[in-house]
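A.B. asks: Dock chains A, G and L against the given chain B, drawing on the hints supplied.
Number of protein chains: 4
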Amino acid sequence: MSKGRVLLAYSGGLDTSCILVWLIEQGYEVLAYMANIGQEEDFEAAKVKALSIGAKKVFIEDLRRAFVEELIYPAIQANAVYENVYLLGTSLARPVIARSQIEIAIREGCDVVSHGCTGKGNDQVRFELAYYALKPNIKVIAPWRMPEFYERFPGRQSLIAYANEKGIPVVHTAAKPWSTDENLYHISYEAGMLEDPAATPSQDMWKLTVAPENAPDTPERIIIAFEKGKPVRIENKNDGTVVTDPLDLFIYLNTLGRRNGIGRVDIVESRFIGLKSRGCYETPGGTILRAAHIDLEGLTLDGQVRHLKDVNISIPYGRLLYNGLYFSPEREFLLHSLEFTQRNVNGEVQLKLYKGSITIEGRKAFGDGAKLYNMEESSMDVQGGLTPTDAGGFIRTHAIRLRKWTPSN
Amino acid sequence: MSKGRVLLAYSGGLDTSCILVWLIEQGYEVLAYMANIGQEEDFEAAKVKALSIGAKKVFIEDLRRAFVEELIYPAIQANAVYENVYLLGTSLARPVIARSQIEIAIREGCDVVSHGCTGKGNDQVRFELAYYALKPNIKVIAPWRMPEFYERFPGRQSLIAYANEKGIPVVHTAAKPWSTDENLYHISYEAGMLEDPAATPSQDMWKLTVAPENAPDTPERIIIAFEKGKPVRIENKNDGTVVTDPLDLFIYLNTLGRRNGIGRVDIVESRFIGLKSRGCYETPGGTILRAAHIDLEGLTLDGQVRHLKDVNISIPYGRLLYNGLYFSPEREFLLHSLEFTQRNVNGEVQLKLYKGSITIEGRKAFGDGAKLYNMEESSMDVQGGLTPTDAGGFIRTHAIRLRKWTPSN
Amino acid sequence: MSKGRVLLAYSGGLDTSCILVWLIEQGYEVLAYMANIGQEEDFEAAKVKALSIGAKKVFIEDLRRAFVEELIYPAIQANAVYENVYLLGTSLARPVIARSQIEIAIREGCDVVSHGCTGKGNDQVRFELAYYALKPNIKVIAPWRMPEFYERFPGRQSLIAYANEKGIPVVHTAAKPWSTDENLYHISYEAGMLEDPAATPSQDMWKLTVAPENAPDTPERIIIAFEKGKPVRIENKNDGTVVTDPLDLFIYLNTLGRRNGIGRVDIVESRFIGLKSRGCYETPGGTILRAAHIDLEGLTLDGQVRHLKDVNISIPYGRLLYNGLYFSPEREFLLHSLEFTQRNVNGEVQLKLYKGSITIEGRKAFGDGAKLYNMEESSMDVQGGLTPTDAGGFIRTHAIRLRKWTPSN
Amino acid sequence: MSKGRVLLAYSGGLDTSCILVWLIEQGYEVLAYMANIGQEEDFEAAKVKALSIGAKKVFIEDLRRAFVEELIYPAIQANAVYENVYLLGTSLARPVIARSQIEIAIREGCDVVSHGCTGKGNDQVRFELAYYALKPNIKVIAPWRMPEFYERFPGRQSLIAYANEKGIPVVHTAAKPWSTDENLYHISYEAGMLEDPAATPSQDMWKLTVAPENAPDTPERIIIAFEKGKPVRIENKNDGTVVTDPLDLFIYLNTLGRRNGIGRVDIVESRFIGLKSRGCYETPGGTILRAAHIDLEGLTLDGQVRHLKDVNISIPYGRLLYNGLYFSPEREFLLHSLEFTQRNVNGEVQLKLYKGSITIEGRKAFGDGAKLYNMEESSMDVQGGLTPTDAGGFIRTHAIRLRKWTPSN
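Chains as they are written, first to last, in full-length UniProt numbering: chain B, 1 to 409; chain A, 1 to 409; chain G, 1 to 409; chain L, 1 to 409.
These are calculated hints, taken from the structure and not from any lab test.
Please note that a few of the clues may not be correct.
Same chains, same label: a pair holds when it works inside one copy or across any pair of copies.
Derived DSS-like pairs: lysine-lysine, alpha-carbon spacing no greater than 27 Å straight-line [said to hold, decoys possible]:
1) Lys352 to Lys207
2) Lys207 to Lys139
3) Lys404 to Lys230
4) Lys139 to Lys57
5) Lys176 to Lys139
6) Lys135 to Lys352
7) Lys57 to Lys228
If you're wondering where the values come from, they're calculated on a predicted model, not measured in any experiment.
This is chain B alone, in the form it adopts within the complex (with noise of 0.2 Å):
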């Protein structure tokens, strides 16, 4: 008798593959999920694998739309960044994943689900608490946490040799020095040869995008529009391709880092659980975007509500993202406050692409947005309304304070 229905998040790969095998060697009926979240895979071979080696149902959802729409744009409108530097690629795919994996679990009857994270790093945390959060009595089986897995299966050798004995096909392509997440967004490296910081990764481990050194000599020049500060339209000023759907649109900026070389950082961050790890990261058209984005709201959006949003939204809408709190409710709460602030960021931005770099080459309001910004009045050689006497008293009332300063050495 069955112990019930898993619903596995399953990749095609060994690990997964393994894990398929090893839950219904438990007492299991398994089936399987994968999420297209725009990463290079082959689906359909996946799928014949999986049910090949005993998964009772297979469902491949694209996600892509919902990625792009629901979690990468107003991630854009936060400007959400981790420690500076990580655009949170992964962190931003795990909730879609996660609640369409939740969807087809309730759907299909299956009280269980499982993945393949390593008990180590954030993708199980932020896994898990979505599924908790969307389904608080979902039963949870990660076997790479569990002693009866993981010290059954070693190393990378001992899976081979279940999945030789299971008759799971094993793929003999040399194994690459480190590991690797992709999506629409982005495609991280962790582990293996990254795993010393001072190591260079070598270049034939960057995916997505050229090396700068071998992008083209000429430049790129964009214009992206945005209205409530989610991009609508972006016209390629080089060649005339405009695109306006959302998905369309975010492809295509990809497109256009790729090639241009945009978007490889290379970091040491701070993990949830507490350790250290070196990434490294491409996000091509995310990086472009976000760059757009800030310029803009230099434009549109009031100052001090910009030093508001900047402290108390983007920094914790990054850390929440990052440490998987997608579904809760403070996430609710900076999104809705999120969205406030966005309504006047109409405008567009020109922007030059070149080897690894983008250059903000001017940028345009409409709407309410362009009332902040008045040409005449900011002039430096028109008075425009302004008295200047006026600035005067602004300084000498804020001195006030200062002259009663006594320095502390």
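C.D. replies: Chains A, G and L alone, transformed into the frame defined by chain B:
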């Protein structure tokens, strides 16, 4: 009889030359003060000019070392930035200039200081708040805020006419359609044709850096070593150059940044007085240094301390610099807190500079800063003393709260 | 010929009566405006006086309901406080007063408004920032900042002399050795004998509340019910009184607070213009309401949201109120964020009022707000679905980072 | 053969006595550790009991002075509070208890420590994070989180049965329907009948303070003097008592608070592990001290520094204490920053204590702290060196931004 002695911040240009003569006309004895903060300037010619038009004395102060050591390096430690993009080059120079001006004013018995800033910008605030904080009873003459001055000289032509009348030498160069402010850290461009935020600056505007397109085709690789968050050594891997003196090191970093097209930005920013204005900036060495410092903090700063520092020091420190509040109780407080965070930021960072882009290629920590990263422990392949089952408890405990969440819609 | 029509914020007292006459003397047509925000005042007598000394019209506006519903209750939702102690009574009244004044100015064709605030305080800032925000082209006459006024009237005696000369009725009461500002929310005392921060105010100063020593010997027990963070019902358990109308409810809370000696504070605060000043305040109803609201948030707000709200809304909201920035983009933003946090702050709080102290004696949540607290789960006696071993994993995971800590000394 | 030596945090009560015997039963050699942090306790009787039931040694450490000087006074400097109300009495005691336990464990060669905390509360976290931070390789036995223990002892009756079986003396007092934790700073009540958040605690629960109704009818007036934000002298104006020793001073403040009914609170709080729980607390001396310290900061701290401190130190410091993160890099950082803010917090505060209420009646600053307040300058009657017209410029400059504001609805 003289109304008193004025120490005028003098640049040698049309404005401050006219102010100098005008102040004499008002009955003041005028001494001229020039700060060498690394700008390109013919100080000797300016001195001759000042004396020739009536200055009693001229002081030329080389403040470059104090600028680098006391202002620039702490700003690097703080990762200070204003509104996400601006590296604060002008803001950083003002405190050293104002402090030296006040010191000379005191020494020379001037009870008045004067400057040529306009009544709409940030610099009047920065200079005067510093004056008042350092010498509470100082008197300030800001002619561009005085109706008797600005109504008499409503435009450049009236200044030229006055200069001609008073025998002030006028250099007949075509005025640039923008104004600039240069120092060792950066150059700024604003006003004139830049006042249209959509107008792309002409290529001949940029002065400090080559365009990325004109930078060398071969990347330049360097290593920057830090002690307590301040750079102490730079090594050029391409040619073996090594520089260690704080001032020379920064000048050399500028050389590297300039020739590799690094550090141009173009923004619309929120001035302290509440206006939006558009500025373009080149900060070659500072841009490199900031990227390297942020990277090293990733390896050497505890994650929680880093977060507290980002929110509670970096952001307010950048704002107070921008707003001219360097000589203030809050700056002392923030700097004191900042220094504590930096005591283990020891190590070196490898960077690649190439056509406008900076790529981090690895880093290494020294001393206590090295304790936070443990290669084996972070490894996804090795267990490293951690019990994977603990992470399950961590996750489920965090989920307690999330399981109670009711989405609002 | 008239210089224009001025709408003067008029109190009936010596200062604004002299200002009224002085404005007429300067050639203005003057209309008088009085706001009823709950202060003790003979509005009719003041009206007669204003008309008798030359006002063309007098407007008396009852703003008490708007004050309570639009300003006081959101401040309660925000738990707004300035510098830990001051409940912002004066700050809260200014926006409704200024808004109504501007509305009447527009309706009556006045292009100038005027007030009797001094040039050192916060109120000039609060009134005028509101004026300018609501009607950017308004002209403001602030006589106490105009040399032609303040030099002519250097002290109270010169005002009295002017009043006698101009036939302005002067009430010959002994001037109190402090000045006050009263409204429905509070009364403030400052200046005069209070300027020595060590001087204990005399007992006869306090006007709104009885001294705790003189309050009843029997505690009064009440229940306050909240919906979305705003009070909707108050019940007096001692005598069965029930009040539900928002304005009546607040007036009744004041009655309770006043007779039980609640809400006196005595502080030194930092004015917006940078001076420190000493103020004493009585805020009877507001003090009770704030305590009750904070308590109910403990039960009904998610812990993380509560923390974000405390830091990112409560504190900046209190500061912007104090600084007169109610009519601003940042207030709109903060209020929008605030409202979202309050949607489940539904329930009731039991309180005991006794001789100056407020004691919370229990609380209850209604609706979704009740989901966060689970009696059984929190119980130390019952296991309630939690696996105790999870907490061990939680702790050991948090300890990963701490185990790397090297104390600095 | 012994499994090792355990140092058990022992209270003398039923739980830890059973744990002591149970640990011996498991094969450990057990040493008992008791911390005197000011709680009412018969330490000698407990020592005799521990030895009688098998403890090899018993250590009773008087930590009261370290508790007051190292934990309580810095918390006063920080104005530390959790969720607006809770003064952190239990949190503050844990670090000194844990540190001493670890010191003894090291000295006595114990490689294991143990405690009797439950698996749902905060104290397990606080103790163990301290243990791991101070001695990373320590082993911790938390019986109430071990199934072999908590399943064997599902309730109080099973513990009593075990005690009887093992000859552990059981005091047959009626168990109170709540649990308490007491120390020099406070006493806490939770669980049992308090688990219903609407239930008013019975009057006989409160132990440390008299009810306000039973406090003396005559107010007690005191003066507290501070140096660098720490109390150095207390003077009772009623009877002339003066206390200056740090520990004695705090004990005397407790006496004053206790007899005047000061310091009771009743809240629902957010535990670190994500549960809400209800707690009642009495913190007599701490409540007085915090009010006095906040008041003195009003006079002696620059307004901007005070604001930065409130947001960036007080709030995170309170949270880290609550969450058991005292021995951490972030606490070192915050404490270092805190101390700098306190260097001019010198002066004295006059207070009135009466039936549960604290009234500030004046204050005075000493040394540099006195420079910020200038009686003449703040005066509304005197001009004091300020030019009133400056305030107009200040206001109109602030209004530049507001005049561009378009309300959103």
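A.B. asks: Hints first: check each against the structure and report whether it holds.
C.D. replies: Each hint tested on the structure:
no., hint, result
1, Lys352 to Lys207, "both (23 Å within a copy, 19 Å between copies)"
2, Lys207 to Lys139, "neither (36 Å within a copy, 45 Å between copies)"
3, Lys404 to Lys230, "between (47 Å within a copy, 23 Å between copies)"
4, Lys139 to Lys57, "within (19 Å within a copy, 46 Å between copies)"
5, Lys176 to Lys139, "neither (33 Å within a copy, 38 Å between copies)"
6, Lys135 to Lys352, "neither (46 Å within a copy, 41 Å between copies)"
7, Lys57 to Lys228, "neither (41 Å within a copy, 46 Å between copies)"
Checked against the numbered hints given earlier, the structure breaks hints 2, 5, 6, 7 and satisfies all the rest.
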